[in-house]
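Chemist: Protein chains in written order, with our numbering: chain V, 1 to 258; chain F, 1001 to 1258.
None of these hints come from the bench; they were simulated from the model. Keep in mind that a hint or two might mislead.
Sample of chain V residues facing chain F (criterion: CB under 7 Å; computed from the structure) [unchecked claim]:
hint: 1; residue: Ala-43
hint: 2; residue: Val-50
hint: 3; residue: Arg-55
hint: 4; residue: Asp-239
Glycine included, each C-beta is placed from N, C-alpha and C at the ideal position.
Protein chains: 2
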Amino acid sequence: MKKPTILISNDDGIESEGIKALWRAIRKFAEVIVVAPNTQQSAVGHSITVSSPVRYRKNLIDKNYYGYAVEGSPADSVKLAVRNILKGKKIDLLLSGINHGANTAINIIYSGTVSAATEGTILGIPSIAVSLASFTYNDFSVAAGFASQIAKTVLKKGLPLGTLLNVNIPAKSREEINGVLITKQGKSVWDDHYEQRLDPNKREYFWLSGKMKILDNDPDYDQTAIGENYISVTPVHYDLTNYALLDELKSWDLKLKK
Amino acid sequence: MKKPTILISNDDGIESEGIKALWRAIRKFAEVIVVAPNTQQSAVGHSITVSSPVRYRKNLIDKNYYGYAVEGSPADSVKLAVRNILKGKKIDLLLSGINHGANTAINIIYSGTVSAATEGTILGIPSIAVSLASFTYNDFSVAAGFASQIAKTVLKKGLPLGTLLNVNIPAKSREEINGVLITKQGKSVWDDHYEQRLDPNKREYFWLSGKMKILDNDPDYDQTAIGENYISVTPVHYDLTNYALLDELKSWDLKLKK
Chain V
1 MKKPTILISN DDGIESEGIK ALWRAIRKFA EVIVVAPNTQ QSAVGHSITV SSPVRYRKNL
61 IDKNYYGYAV EGSPADSVKL AVRNILKGKK IDLLLSGINH GANTAINIIY SGTVSAATEG
121 TILGIPSIAV SLASFTYNDF SVAAGFASQI AKTVLKKGLP LGTLLNVNIP AKSREEINGV
181 LITKQGKSVW DDHYEQRLDP NKREYFWLSG KMKILDNDPD YDQTAIGENY ISVTPVHYDL
241 TNYALLDELK SWDLKLKK
Chain F
1001 MKKPTILISN DDGIESEGIK ALWRAIRKFA EVIVVAPNTQ QSAVGHSITV SSPVRYRKNL
1061 IDKNYYGYAV EGSPADSVKL AVRNILKGKK IDLLLSGINH GANTAINIIY SGTVSAATEG
1121 TILGIPSIAV SLASFTYNDF SVAAGFASQI AKTVLKKGLP LGTLLNVNIP AKSREEINGV
1181 LITKQGKSVW DDHYEQRLDP NKREYFWLSG KMKILDNDPD YDQTAIGENY ISVTPVHYDL
1241 TNYALLDELK SWDLKLKK
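With the rest of the complex left out, here is chain V (with noise of 0.2 Å):
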């Protein structure tokens, strides 16, 4: 059988750990390509880079093989790898990450690991945003081993246009893991402060500080199931009407007025 065609990409850049964990487990089953930011982006959302040129080269990941490494955000680096780096090639998944901190709650609307994931749907490939929930847990093996599990999955079962799945897997070993759950997007926001400080010229300076403000306690919501040591599939996609006020807000009777 032809082995897929799977596109690798993520938001903290191409030397990461996590995309390297990822391009080493997928391989094994899948002919991989990885394009990805060539430094860190923190937060970056869904942003494209439409007033300036972007540009690419080629990386090396590990022996022998090499990738792609965009000056752009993960956005920029899924649409670049579709439209031209491979242009013409069928891509059957793509797969975002594996991230290093979860992208959960809140956080999905500030996560570029989630808009290559976007950007990839709106392109017409299934994709799956995979995230470690930790900054600092390094062992990107159990994420690695189920992401592995989860493409083979949708590459079988596949997802409907525009619909990506969200996968956040515990910092935790395998035998701490108590199973996997499916999840809607939880609540929770930041609560968060600007720190105010004074740089070496004393001109004034904010810098961004605080905590997730935990709003939900049903593992049927993402973070609370990361919480208790599930990993967490969540279908998330860009549609972003709220259908429940369609009917309240006809009832306004909005008319431009004269």
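Fit chain F to the supplied structure of chain V, relying on the hints for placement.
Modeler: Just chain F now, with coordinates in the frame of chain V:
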């Protein structure tokens, strides 16, 4: 009666004509504070600055009136306004715009204008994004008039937590506009490609170019509504869960393999 307090931001930058037109219209009935990026921010998505500091300075909007120019994204501007510049002050409404160019269909994902309003809703403020559907039409009077009108309606009726209104106004005279429609986010996406060029040093670069592939023809959708000269009002939220897929995914019976 006490005047409402309205925060105005945008993504075209604090010097843009659109934000000034909006400020002039809204100050007639509200106390207005303008906090916006110091430069044009195109297609920045919902990016937020976390790994470097942000700064702001006062910026003259018009005679004797100062706003605040933020060295950052639209979402940075709103967060810094709420968490620091206006800390402790009750903000009754956030308006983002008036953007030069429509923010409909897939563009909502990339839109800094919508992102500023999204950040407002995350921070618990009823928020409205306002765009004029042309990059060249310079008469903001109809758009500013309707922005005032819908601002007053939302001040009276409120919005559910987490939902903003995304308003798009045709680049037409008042007489040519057919009315106001409550719409859904359209399905149209970009048919784009990268133009490949050589810089003066003969180094390759790539520039994104393309046009929208129209996939809707029903004025129930934002893009088509403005094409038929209707003002489009879409309720947009940041719950990205595709609820329709939850049961299907549960039937996949995913398990972490030993």
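Chemist: If any of the earlier hints don't hold here, list their numbers in rising order.
Modeler: No numbers; nothing is violated.
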